[in-house]
Amino acid sequence: QKEVEQNSGPLSVPEGAIASLNCTYSDRGSQSFFWYRQYSGKSPELIMFIYSNGDKEDGRFTAQLNKASQYVSLLIRDSQPSDSATYLCAVNQGYALNFGKGTSLLVTP
Amino acid sequence: NAGVTQTPKFQVLKTGQSMTLQCAQDMNHNSMYWYRQDPGMGLRLIYYSASEGTTDKGEVPNGYNVSRLNKREFSLRLESAAPSQTSVYFCASSEQLNTEAFFGQGTRLTVV
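If you read the sequences in order, they're chains G and C. Residues 34 to 142 (my numbering) make up the first sequence, in order. Residues -7 to 104 (my numbering) make up the second sequence, in order.
Hints listed in this document are in silico derivations from the structure and should not be mistaken for laboratory results. Take these hints with a grain of salt, some might be off.
With a straight-line cut-off of 25 Å between C-alpha atoms, the simulated BS3-like cross-links for lysine-lysine are [as the list claims (entries may be wrong)]: (1) G/K75 x C/K1; (2) C/K63 x G/K134; (3) G/K134 x C/K49; (4) C/K6 x C/K63; (5) C/K1 x G/K35; (6) G/K100 x G/K89.
Pairwise CB distance ranges (calculated) [claimed, not checked]: (7) C/T12 x G/L108: 39 to 47 Å; (8) C/N62 x G/L108: 38 to 46 Å; (9) C/P31 x G/D91: 35 to 43 Å; (10) G/T141 x C/K49: 39 to 47 Å; (11) G/N40 x C/N54: 28 to 36 Å; (12) C/M19 x G/T141: 33 to 41 Å; (13) C/K6 x G/E36: 35 to 43 Å; (14) C/G(-5) x G/S59: 38 to 46 Å; (15) C/G32 x G/K89: 40 to 48 Å; (16) G/K89 x C/G8: 48 to 56 Å; (17) C/L61 x G/S65: 43 to 51 Å.
Partner residues aside, some chain G positions facing chain C, computed with beta carbon under 7 Å [said to hold, decoys possible]: (18) S45; (19) G62; (20) S65; (21) F67; (22) Y72; (23) S76; (24) L79; (25) Y128; (26) A129; (27) L130; (28) F132; (29) K134.
The beta carbon of each residue, even a glycine, is placed where N, CA and C say it ideally should be.
Make the full structure from the sequences, and use the hints.
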């Protein structure tokens, strides 16, 4: 089983700041990368996906992919307390998505 | 548009009992998955179905069976529940394998 690694956190940022979440993966053959948000007691919710090297922006969220270095990151601008959740990185691996264990983000007012 | 619907939401079983978790999607997706999520372990794939009529083992299939009843429905069966199967179970679907997956609301299962 190839690895998807995330720092478990918690990552604490003040309201209005930029939160930076990172993920590394071991399978060089991976082509698709996803970020999910999971609130406590709820199911994972897709935020963004990225397939190509570089940046992809969607509102306050930016996904960054560097295949040569095998990392993918998620930036959350103007962080809000409602962004407090666990963020899961997922990478395609053969037949399904392989998930990291998630990073807990806490945005403090 | 309900998306992915799982039943039941909560269940308590005694060791050795059997049960089936139901999952249905209304997005006309080809691929469906069952994951379990445990504290400190993340989401682990139990079984998946690439398309109607096919099922395959994932990372942790022991103790489980699945049925892809039709394109919409994918059920997970525990034949003889064990305390190690206490977990939160998520069903998910995607248009094709390895594309973005959408999750049901989960089933919290406790085996005592």
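Hints versus structure:
1. G/K75 x C/K1: Holds. G/K75 to C/K1 sits at ~11 Å (cutoff 25 Å).
2. C/K63 x G/K134: violated, 30 Å
3. G/K134 x C/K49: Given pair G/K134, C/K49 holds - Cα atoms ~21 Å apart, limit 25 Å.
4. C/K6 x C/K63: violated, 32 Å
5. C/K1 x G/K35: violated, 31 Å
6. G/K100 x G/K89: holds, 14 Å
7. C/T12 x G/L108: 39 to 47 Å: holds, 42 Å
8. C/N62 x G/L108: 38 to 46 Å: With Cβ atoms ~41 Å apart, the hint holds.
9. C/P31 x G/D91: 35 to 43 Å: violated, 30 Å
10. G/T141 x C/K49: 39 to 47 Å: Cβ of G/T141 to Cβ of C/K49: about 43 Å, so the range 39 to 47 Å holds.
11. G/N40 x C/N54: 28 to 36 Å: holds, 30 Å
12. C/M19 x G/T141: 33 to 41 Å: About 37 Å separates the Cβ atoms of C/M19 and G/T141, which means 33 to 41 Å holds.
13. C/K6 x G/E36: 35 to 43 Å: The hinted range 35 to 43 Å holds for C/K6 and G/E36, with Cβ atoms some 36 Å apart.
14. C/G(-5) x G/S59: 38 to 46 Å: violated, 31 Å
15. C/G32 x G/K89: 40 to 48 Å: Between C/G32 and G/K89, where Cβ atoms are some 30 Å apart, the hint is violated.
16. G/K89 x C/G8: 48 to 56 Å: holds, 49 Å
17. C/L61 x G/S65: 43 to 51 Å: Violated - the Cβ-Cβ distance for C/L61 and G/S65, about 28 Å, lies outside 43 to 51 Å.
18. S45: At about 20 Å, which exceeds the 7 Å cut-off, the nearest Cβ of chain C leaves the hint on G/S45 violated.
19. G62: Result: violated, 11 Å to nearest chain C Cβ.
20. S65: holds, 6 Å
21. F67: holds, 6 Å
22. Y72: Hint violated; G/Y72 Cβ to chain C Cβ min 12 Å, cut 7 Å.
23. S76: Hint holds; G/S76 Cβ to chain C Cβ min 4 Å, cut 7 Å.
24. L79: Nearest chain C Cβ about 5 Å off; hint holds.
25. Y128: OK, holds: G/Y128 within 7 Å of chain C, min 5 Å.
26. A129: holds, 5 Å
27. L130: With a closest approach of 6 Å, the G/L130 hint holds.
28. F132: holds, 4 Å
29. K134: holds, 4 Å
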